[in-house]
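J.: What follows is the residue order along each chain.
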Amino acid sequence: MNILELHGVTKQFGGLVAVSAVDLEVPQGSIFSVIGPNGAGKTTLFNCISGFYRPEAGRIIFDGVSLVGLRPDQIAALGIARTYQNIRLFGRMTAIENILVGQHSRLKSGLAGALFRLPRTRREEQEALDKAHQLLDFVGLSGYGDMFAHNLPYGQQRRLELARALASEPRLLLLDEPAAGMNPRETEELMAFIRRIRDELHLTILLIEHDMRVVMGISDIVAVLDFGEKICEGTPQEVRCNPRVIEAYLGKGVA
Amino acid sequence: MGLRTGIRTGLIAAIVTIFLILIGVHMLMGRLLQSWFYVPAHWPGVWLMVVLLGLWAGSRAVGQMKARSWGNTLLAGASAGIIQGALVGAALYLLASITQAGVDLRAWLTQMSQESIAALTLGLAPLPAAGFIGGVLLVSAVAGAAWREWRLRVHAARLARGERTVSLRERLLEIPAVAQVSSNPLSRRVLMGVFMVLLLIAPFFLGQYWNYNLGTVGIYVILGLGLNIVVGMAGLLDLGYVAFFAVGAYTMALLTAPQPHHIQMSFWLALPIGVLLAAIAGILLGIPVLRMRGDYLAIVTLGFGEIIRILSKSDVLTGFTGGPRGVRNVGHPVLFGKDIGNEFYFFYFILIGVILAIIITRRLEHSRVGRAWRAMREDEKVAQAMGIYTLKYKLMAFAMGAAMAGFSGAIFASRNSFTGPEDFVLLVSINVLALVIVGGMGSIPGVILGAFVLKGLPEILRELEDYRVLVFGALLVVMMIVRPQGLWPASRPQLERPRPEEEALEEAPAELVEGEVGS
Ligand SMILES: Nc1ncnc2c1ncn2[C@@H]1O[C@H](COP(=O)(O)OP(=O)(O)OP(=O)(O)O)[C@@H](O)[C@H]1O
Ligand SMILES: [Mg+2]
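Sequences listed follow chains A and B, in order.
Take the first sequence: its position 202, counted from the start at 1, is 202 in the working numbering, and no numbers get skipped.
Take the second sequence: its position 185, counted from the start at 1, is 440 in the working numbering, and no numbers get skipped.
Next up, chain B with everything else stripped away, as it sits in the complex:
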């Protein structure tokens, strides 16, 4: 049994490892360690990644094993390590030999530089290098397996002693100071307050570049929270979400720019109009696709997103939309006669938008409407039988999500003073969907974290520009395997109030409540 799981896991781990190497993530790790911890060379980061992947393979193999024994553990760890080591070794042998023969792999794999391969071969000839990496992976996998087995045994022993399993959150709460802060609403507020103050003064210290980037992250947080309503809560897979972002942006642009319409409306008036039009667009798209589910819905919405972009680009509409060149000189917000259209003020503006979006999401989530959405996501038919008019609630979800996208779009266009068709490529929809999934579907902190990881991190890793898309791909793949529920999954609402005499019952409900029906 251990052998089968070991081989299967080893295969998966090998594929993941080779993929990560091909797209150059080992070099990324190397450089990160270099710049963050002042490590003098990049090889420690590179090999840290290799060892971690080995540990992961072994640990995963043991985690998937059904029968528990140290013999099985060794078998699983070793077989996973051998498969992973052999395949990765073979891949490295191939890469190294090809490079040695003078072929430049970068023509096909942009990250496969000499240096990138040398970091793995450590200057050895292809064959010993392959042997070395294979050996490292094997040892790591066995160590990972042993470690996991040990953890599982500790865990089981704890269960046997009647101790409950503790999550990270609960463990943090065991620290007295943390418990005090989190149980006391006042200190919680103080903590929130400190965080808010930090955010509020940040723009004074960050400078233009970071203010702009943080603003972008904020725009994506709003987009993410909006899409989260549609996908995370209502369970409607919308791949054309960027369309509503575009409606908001174009509304702002066309109403406030001198060209092509000479309307030059105030930013403050154009903003609510943009939100409203986006919401209406959401409903208009919603009506025809309401009866579709799953894949069909995804395809049709994807098409809709592209149609909006192509329309905005088309020559026929150049007079109306500005065509492929977009709209320039989009209006800025003016407050008390002062143009507040720079990164600095927009940071605050976006912050307010984010806070609003969070409040809206939180209030909706635990309301009758939010529950209806989530019920629909879980089982549409049963939701109907509970009295939920699903068509209406789907339209509401589309409209709410679209309104948030419209808001971000309008701000985006004004902040850039420009908007054009290329702002609304499919990749935007995919990015937003990715950040919702990476963060944890349906969870507000998850969306914020996701936006930081997917939009903020790449800016921090600016020098690694070319890697971005690849890294995201890798990240998503790894995420799906390691943490399918997302970085910060949605938590369960705690609605049940334990009454004094029933607290004992909460401890061990299974025995006590069994068979009380009808008594």
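Next up, chain A with everything else stripped away, as it sits in the complex:
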């Protein structure tokens, strides 16, 4: 079963067609990678899925629900979370608070609950805090919980961003170049981590990545974008051997 389907999604900026009639079918529980040279439209595609951009044409179906026209917060509430190519944390909030914000759509309390400290709200807050601690441990950040996010070292910021995304208990996780700026050892660990969250939390992962070891190592399916168009799709083996891909993308590395 496909948890996410894109049909003919097109996004233009003025005359530039950043994403051109892209079709994707992401099976439930898979690790699905999107690769392509710089400016191929990968991030733009993510922005269309998460509701930041409204595509000019095409349909995006998440678990039977059409996403086009929904607001980003509605899409998040449906169970889609993401990280960003350039880390975007809430800098002047602590690590724990970042994770608590991540849980926003799973929590209910509003003004009245907070003002009158209703028992329901207190229980909810307590549980949210417990869960934040678990996630902090899960990504290996215990001890950093009370630090402002902008004071964390780069590597920890990446982990915190992951923890924040996981906090919303998503069913689909969009990762935009999570290995950027990591050394080989960290990259290795990241791959194991991605597999682990897929298996333990039963997530589907849509991954943008430039690092070929990551892509070839963990993907079930790889789709290749070039100038906004999907030029090929298949298992890592198939994609690696596809002549169009070698020309458009891997070719640069080979040459």
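Where hints are given, some of them may not hold.
[Stated by the list, open to error] Computed cross-link-like contacts, BS3-like style, restricted to lysine-lysine with a CA-CA straight-line distance of at most 25 angstroms: (1) Lys108(A) - Lys636(B); (2) Lys108(A) - Lys647(B); (3) Lys647(B) - Lys636(B); (4) Lys108(A) - Lys131(A).
Because the hints were derived from the structure by calculation, they are not lab data.
Given chain A, put chain B with the ligands in place with the hints provided.
T.: Showing chain B with the ligands alone in chain A's frame:
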């Protein structure tokens, strides 16, 4: 390197110094020292300020330096001092010569009296006087630089020995008595209790004048806490905040005064109506400006504030609002048949309002709503992607802030028995914003401190009435340079519970946790 930073800092310091002199802050310092510490003359305060500014310039130059060495320090301190000294000396030379020629500078600069300049020239001729102040600044700057270098070295040595840097708060906690009080919730409560009792009995001793002024400070604390929600938490720059204060005040006035509407409703009924109407006004203003950000939002809200004032003033609406002359005989609160509308009772009334506002702010800040506001302030787009419906939360912030302003406005009008358009000039918005910024954006103690500094202090310095606005200007400029985070910045919530086996890990997390992802 030291030379460049020195020159740059010297320039900034010179501008600040000249500005402070032009608006007469040196005389203010002189008189303060005179009246507070019984110093017999005003020159010690005047020159204390000059020396402090020199020390500051030198210390700042060293603080900004990248390469550390005593040679660099000397260079930075001396160059900062020379620039600062030369420019300030030149300015003083000009001022002194002009005054000597018989020109009265007060026509342009209200604080530039003969006396004010004489305090700096010390009776010398312009040229030697300029030399003297320049020399004092140079020596002070070098001393400031050396002092800073020494502090930095001590600090570095401490770091090298593996000691952590300690903040003022932590250092206070090292004092056994302080540690005991602050770690023991009971003694903390006792301390709070003592403070509360002092506040409660204060009005019996303070007399009308101070009760009134403390009440004003309290009203500004409530206003500040309300604006703090909008600006400090939600990050929406609202320059028309006074509009909601006006809605509260006019609601109270029009509903309780005999003119122009003969409604003469009870204060107790008019108060919640005022709060409600202000909140609704907040939402109504919110809807059109929701999609604006930053500067646009500031301009539109500023316009809204002025529109409310102009409307209240306009002839067309005189029949409804009382026009330019305002509304007189605004109703007082009556309790058990007794009119409790004087400064004394209002003090308590406002105190309750302040406590309520503090409780509301604290509860909201660390709730799902408060976190959503702050997340929005940090990064609106990402907040949306976290499931936060930003439009809704912006309206909530506007409404909460406006409700608090409405409450203060209603009390303000009733306490003064009067309200009119001139109560709601732009300066009120700016004052409230200033106290939020001066105190420390997003911090409750900061807002209270800010209100005291900006509304209370000027009353203490009553005799210096004319300086007020100028002093605030200077204060704000100095604040921005010296302490951009505010007097009492917001603290980080401590939510992480260290578990026994992980305490060691808290000490040195960097090495231990590195590379645990996925293991
Ligand atoms: N908001 C925008 N306005 C105008 N053009 C945009 C915008 N966002 C992206 N683009 C353009 O769309 C194209 C695709 O950009 P996108 O960021 O999706 O590429 P990418 O595949 O993520 O590249 P990279 O690997 O460098 O991250 C680029 O040419 C980019 O300049
Ligand atoms: Mg990208």
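J.: Against each hint, give a clear statement of whether it holds in the structure.
T.: Each hint, compared with the structure:
Simply put, lysine 108(A) and lysine 636(B) have alpha-carbon atoms about 21 angstroms apart, close enough for the 25 angstroms limit, and the pair holds. Distance restraint check for lysine 108(A) and lysine 647(B): the Cα-Cα separation of roughly 14 angstroms lies within the 25 angstroms cut-off, and the hinted pair is therefore satisfied. Distance hint between lysine 647(B) and lysine 636(B) is fulfilled; the C-alpha atoms sit about 14 angstroms from each other, no more than 25 angstroms. Only pairs whose Cα atoms come within 25 angstroms are accepted, and lysine 108(A) paired with lysine 131(A) is accepted, the gap being roughly 15 angstroms.
In summary, the structure agrees with every hint in the numbered list given earlier.
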